[in-house]
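Engineer: Just so you know, the protein sequences line up as chains A and B, in that order. Residue numbers are given in our numbering: position 30 of the first sequence equals residue 30, and the series is strictly consecutive. Residue numbers are given in our numbering: position 27 of the second sequence equals residue 27, and the series is strictly consecutive.
In case anyone wonders, no lab produced these hints; they're calculated from the structure. Possibly wrong hints are sitting among the right ones.
Calculated lysine to aspartate or glutamate pairs in the EDC-like style (CA-CA distance at most 20 Å, straight line) [stated by the list, open to error]:
{"no.": "1", "chain 1": "B", "residue 1": "302", "chain 2": "A", "residue 2": "64"}
{"no.": "2", "chain 1": "B", "residue 1": "133", "chain 2": "A", "residue 2": "54"}
{"no.": "3", "chain 1": "B", "residue 1": "302", "chain 2": "A", "residue 2": "39"}
{"no.": "4", "chain 1": "A", "residue 1": "80", "chain 2": "A", "residue 2": "39"}
{"no.": "5", "chain 1": "B", "residue 1": "300", "chain 2": "A", "residue 2": "39"}
{"no.": "6", "chain 1": "B", "residue 1": "34", "chain 2": "B", "residue 2": "3"}
{"no.": "7", "chain 1": "B", "residue 1": "348", "chain 2": "B", "residue 2": "169"}
{"no.": "8", "chain 1": "B", "residue 1": "196", "chain 2": "B", "residue 2": "169"}
{"no.": "9", "chain 1": "A", "residue 1": "51", "chain 2": "B", "residue 2": "294"}
{"no.": "10", "chain 1": "B", "residue 1": "300", "chain 2": "A", "residue 2": "38"}
{"no.": "11", "chain 1": "A", "residue 1": "51", "chain 2": "B", "residue 2": "169"}
{"no.": "12", "chain 1": "B", "residue 1": "302", "chain 2": "B", "residue 2": "285"}
{"no.": "13", "chain 1": "B", "residue 1": "329", "chain 2": "B", "residue 2": "305"}
{"no.": "14", "chain 1": "B", "residue 1": "302", "chain 2": "A", "residue 2": "38"}
{"no.": "15", "chain 1": "B", "residue 1": "287", "chain 2": "B", "residue 2": "262"}
{"no.": "16", "chain 1": "B", "residue 1": "300", "chain 2": "A", "residue 2": "43"}
Across the chosen pairs, the derived CB separations fall in these ranges [unchecked claim]:
{"no.": "17", "chain 1": "B", "residue 1": "6", "chain 2": "A", "residue 2": "39", "range": "48 to 56 Å"}
{"no.": "18", "chain 1": "B", "residue 1": "475", "chain 2": "A", "residue 2": "15", "range": "35 to 43 Å"}
{"no.": "19", "chain 1": "A", "residue 1": "10", "chain 2": "B", "residue 2": "480", "range": "30 to 38 Å"}
{"no.": "20", "chain 1": "A", "residue 1": "130", "chain 2": "B", "residue 2": "174", "range": "29 to 37 Å"}
{"no.": "21", "chain 1": "A", "residue 1": "39", "chain 2": "B", "residue 2": "161", "range": "26 to 34 Å"}
{"no.": "22", "chain 1": "B", "residue 1": "303", "chain 2": "A", "residue 2": "62", "range": "19 to 27 Å"}
Cβ coordinates follow ideal geometry from the N, Cα and C atoms, glycine included.
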Amino acid sequence: MFRVVHVVRLMRLNIEGMTLGVTNGGEDCRITITLDGDEAAVEHVARQLVKVIDVLEAHTYSPEQVTARELALVKINTDKMSLSDVQKMKSCRIVDSSPHSVVVEIVGSAREIDDFVASLTTSVLDIARTGVAALPKEVPA
Amino acid sequence: MVEALEREKVEYIFGMPGGANLPFYDALWDSKIKHVLVRHEQLGAHMADAYGRVSRRAGVCSATSGPGATNLVTGIATAYADSSPLVAITGQVAKAMTGKNGFQETDVIGLLTPITKYTVQPLSAAEIPSAIKKGFFIAQTGRPGPVLVDIPKDVQQEEVEITFPESVEIRGYRPSYPVDRQDIERAADMLAKAEKPVLFGGGGIRISDASLQFTAIAELLMSPVITTLQGKGTFPEDHPLSVGPIGMHGRAEANRIVQECDLLLAVGVRFSDRSTGTFHEFAPDAKIIHIDADPTEFNKNKLVDLSILGDANEVLTLLYDALLRRLTKRDDNNAWLKHLNQVREDLKGIPAYKDSYAELSGPKIVKLMRSILPPEAILTTGVGRHQMWCEIHFKVLRPRTWITSTGLGTMGFGLPAAIGAKFAAPNVPVVDFDGDGSFVMTEQALATAVEERIPVVSIIINDRSLGMVEQWQRLMYNRRFIGIRFQNIPDFVKLAGAYGVQGRTVGSLQEFGNALREGLRSDQPSVIEVPVSHEEDVFPFMPPGKGVKDTVYGTSKEMAVF
Chain A
1 MFRVVHVVRL MRLNIEGMTL GVTNGGEDCR ITITLDGDEA AVEHVARQLV KVIDVLEAHT
61 YSPEQVTARE LALVKINTDK MSLSDVQKMK SCRIVDSSPH SVVVEIVGSA REIDDFVASL
121 TTSVLDIART GVAALPKEVP A
Chain B
1 MVEALEREKV EYIFGMPGGA NLPFYDALWD SKIKHVLVRH EQLGAHMADA YGRVSRRAGV
61 CSATSGPGAT NLVTGIATAY ADSSPLVAIT GQVAKAMTGK NGFQETDVIG LLTPITKYTV
121 QPLSAAEIPS AIKKGFFIAQ TGRPGPVLVD IPKDVQQEEV EITFPESVEI RGYRPSYPVD
181 RQDIERAADM LAKAEKPVLF GGGGIRISDA SLQFTAIAEL LMSPVITTLQ GKGTFPEDHP
241 LSVGPIGMHG RAEANRIVQE CDLLLAVGVR FSDRSTGTFH EFAPDAKIIH IDADPTEFNK
301 NKLVDLSILG DANEVLTLLY DALLRRLTKR DDNNAWLKHL NQVREDLKGI PAYKDSYAEL
361 SGPKIVKLMR SILPPEAILT TGVGRHQMWC EIHFKVLRPR TWITSTGLGT MGFGLPAAIG
421 AKFAAPNVPV VDFDGDGSFV MTEQALATAV EERIPVVSII INDRSLGMVE QWQRLMYNRR
481 FIGIRFQNIP DFVKLAGAYG VQGRTVGSLQ EFGNALREGL RSDQPSVIEV PVSHEEDVFP
541 FMPPGKGVKD TVYGTSKEMA VF
C-alpha cells in the first residue's frame, strides 16, 4: 500500500480518490485510484505499479471504460430540513436518525453525489465519501 | 537468520552490530560466514553493493535499528540507482515497542521503501527463513536491486522449530518473461537491412553476463559499438569496433557516430539524460531497437521502434542465431566503418585528446594507470572530474572490472567499493581511483582494509576543490566560485599513516608509476596522492539540457585556436 501511494506521489499526480477492499476470499486486495493527470503520466504510473512486487496487475481506464460507483453518508440537520422532506428524496436512504439529524446514504457516480449534496444546501452537517470503486466494462468483441 | 543466510551461500556480511541486532550477531559467532566490521554502515552498503556487481550474487550488509539503519540510506540508494543486487539486514526494536519512539527506533521500512526493490519484516521467527529466501530471490533476479529485511529484536530471540523452504513463490513477481520470437525475427530483419548500425551497450549486459553475445553480434555486423558509462567494459574498449561511451563526458567520436546511425540496437540501457543529452535530438534519424529486462524502461525517455522484453543474454543469443540465418560476417572495410574512421580522424586533434596538460594531470595519470594495470584489474571510482577522466581515457577491457556509481552519483563510493570488489575477486588487483572530495567522505574504510588485510590501492587526484562543481561554476555560473575550495587539508600521507597505511605524494608521472606498481605488489592497502591543478576541467563536455551539437571540446582558450 505504501509503495503504491509512493509510486503515484513520485509522478506528482493528485490522488482524487482511493478505495481499497479485500477480494478473492481475503487473498487479494483491489485498489481503485482516481487520478487527475495526462494519459502518459497515468500510464507511466500503471507501469511502475506492475513492477511493485506485491502488485498482481495494474490497469488504466478512462471514465467511459468503467462502471464506477461511490458511496456517501450525509448527516442532515432536521431542524433546517424537515424529516418528511428528507423521506421524499428518492435518491437516498435514511440509515440512522436522531432527534435533530438523520444520516442518509447515497450511492452513485461522483457527479450524482456532488449534485445531491448541493441540493441540500445549508442542511448538511457532515459528509463522508468512500471514493470511487470501479470495474471495467466488457470490451465489445 | 544465520542458517537462512548460509543456505543462500553468503560468504561475507559487511556491517556493524548494535543493540537491536545483537541476538543475530551472537548467532553469527558460530557461523562460518565472515563478518567484516565497518566504521559506518553506509560503507558496509557500498562494500556489499560492489561485491554484488563483481560476483553477480547479492552482497549482504547489516546494521542495527535507528541510526544504524538510517546510515544505510545513501548506500542502498546507490545500489538501487545502479540495479545492484544487495540484501540489507537491519535489527528493529521489539514488536511491543513499535511506534512508541523508543530508543533507536526508526521506521526503516518507511524510509527505505522508495529506494529498494522490496522490503520485508518477519513478525515471527518462523517467517524468517522464507523472508530471507524471498529477499535473495528478489534481489538477484529480473532487474536486480536492493532488498531490506528488517527483523524486530524479539523475533530474533524467539525460539521455535523452523523449516527452511526450498523455493519461494511470489505471485506478483515476474523475474523473467518468455522472449517473443517474432520480435527477434523483426529485429534481425531491421539489423540486416541497416547500412549504418550502431550497437549501444549498458549495465544490463554486465548484469546478465551477455558480453560474449554482444561482442559476437558486433563482429558479425561489423558495427561500431558505443556504451553508457555503466556499460563500459561490456564490450572491450581496445576492440577496433569500440567507439567508447557516449554522454555528457563521453568520447566525442561516440557522441558523433550515434547521431549519424540509421539503426541503434540498445541493450540494457535506460536512455538516461546524462547519456543522451536532450532526448529528441538523440540519434534523430535512427530506428531504435531496445532490449531490456524491465518493461517499464521502454519508451520512458525515448520512443523506440521495437522493444524486446527479456534477459539480454537470452535475447542476444537468439538474435545472433537469427542474424546468422540472414547474413555472413560483414566486410571490415565497409563504407560505414570507413566513415567511422574518418570521424575518428577528424576528432583526433580536439584539445580534450591532446596531452597539453601539466606533468601531473588527470588524463595523463589515467592513461598511465591503464598501461600499468593488467586487463583483469578492477577499477572503482568516486564521483567527479576524476571519474569523468576515467570515462574518457580509461579503456575498460573486461566486463565487471569497472565499478562506479553512475545513477545516483555517490561521492565516497570508491574506497568501500574497492574493498567489496576485492572480497568478491580476491586474486585480482583492485584500485580505487578517487578525488579528494570523494575520498574524505568514506576514508574510514581504510580501517577495514587494514584489519582485513585488503591490499587495495587508493589513488587520490587532489585538486583541493570540488572539481566538477568548480567546472560548472566556471563554465555556467560566470566564475562565481562558492563552496568548492578546500584548504590544504587533510594531509593525505599523514591521514593514511594514522590508519597504518603506506601513503605517499607523487611529484611526477614516473613517481606515480613506481608508487602504483609498488602498491599492486603489496599485501597491504596503500594511498597515492596526486596533486593536480584545480583549474583543469574535463572535456569533451555536453552541457546539461543540450545535445551533441553543443558539445564543448576544450577550454575557451583552446577552442579559440582549434
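Engineer: Hint by hint, say whether it matches the structure.
Structural biologist: To see whether the hints hold, each was checked on the structure:
1. B:302 to A:64: At roughly 30 Å apart (the allowed maximum being 20 Å), residue 64 (chain A) and residue 302 (chain B) break the hint.
2. B:133 to A:54: At roughly 16 Å apart (the allowed maximum being 20 Å), residue 54 (chain A) and residue 133 (chain B) satisfy the hint.
3. B:302 to A:39: Holds, because 17 Å separates the two Cα atoms, which is no more than 20 Å.
4. A:80 to A:39: violated (44 Å)
5. B:300 to A:39: holds (13 Å)
6. B:34 to B:3: holds (13 Å)
7. B:348 to B:169: Status violated; Cα separation ~55 Å.
8. B:196 to B:169: At roughly 45 Å apart (the allowed maximum being 20 Å), residue 169 (chain B) and residue 196 (chain B) break the hint.
9. A:51 to B:294: holds (8 Å)
10. B:300 to A:38: Roughly 15 Å separates the two Cα atoms, so the pair holds.
11. A:51 to B:169: holds (16 Å)
12. B:302 to B:285: holds (13 Å)
13. B:329 to B:305: violated (25 Å)
14. B:302 to A:38: With Cα atoms ~18 Å apart, residue 302 (chain B) and residue 38 (chain A) stay inside 20 Å; holds.
15. B:287 to B:262: Holds, because 6 Å separates the two Cα atoms, which is no more than 20 Å.
16. B:300 to A:43: Holds, because 11 Å separates the two Cα atoms, which is no more than 20 Å.
17. B:6 to A:39: 48 to 56 Å: holds (50 Å)
18. B:475 to A:15: 35 to 43 Å: At roughly 41 Å between Cβ atoms, residue 15 (chain A) and residue 475 (chain B) fall inside 35 to 43 Å, so the hint holds.
19. A:10 to B:480: 30 to 38 Å: holds (33 Å)
20. A:130 to B:174: 29 to 37 Å: For residue 174 (chain B) against residue 130 (chain A), whose Cβ atoms are near 32 Å apart, the range 29 to 37 Å holds.
21. A:39 to B:161: 26 to 34 Å: violated (53 Å)
22. B:303 to A:62: 19 to 27 Å: The hint (19 to 27 Å, Cβ to Cβ) holds, given that residue 303 (chain B) and residue 62 (chain A) are roughly 22 Å apart.
In terms of the numbered hints stated before, the structure departs from hints 1, 4, 7, 8, 13 and 21, listed from lowest to highest.
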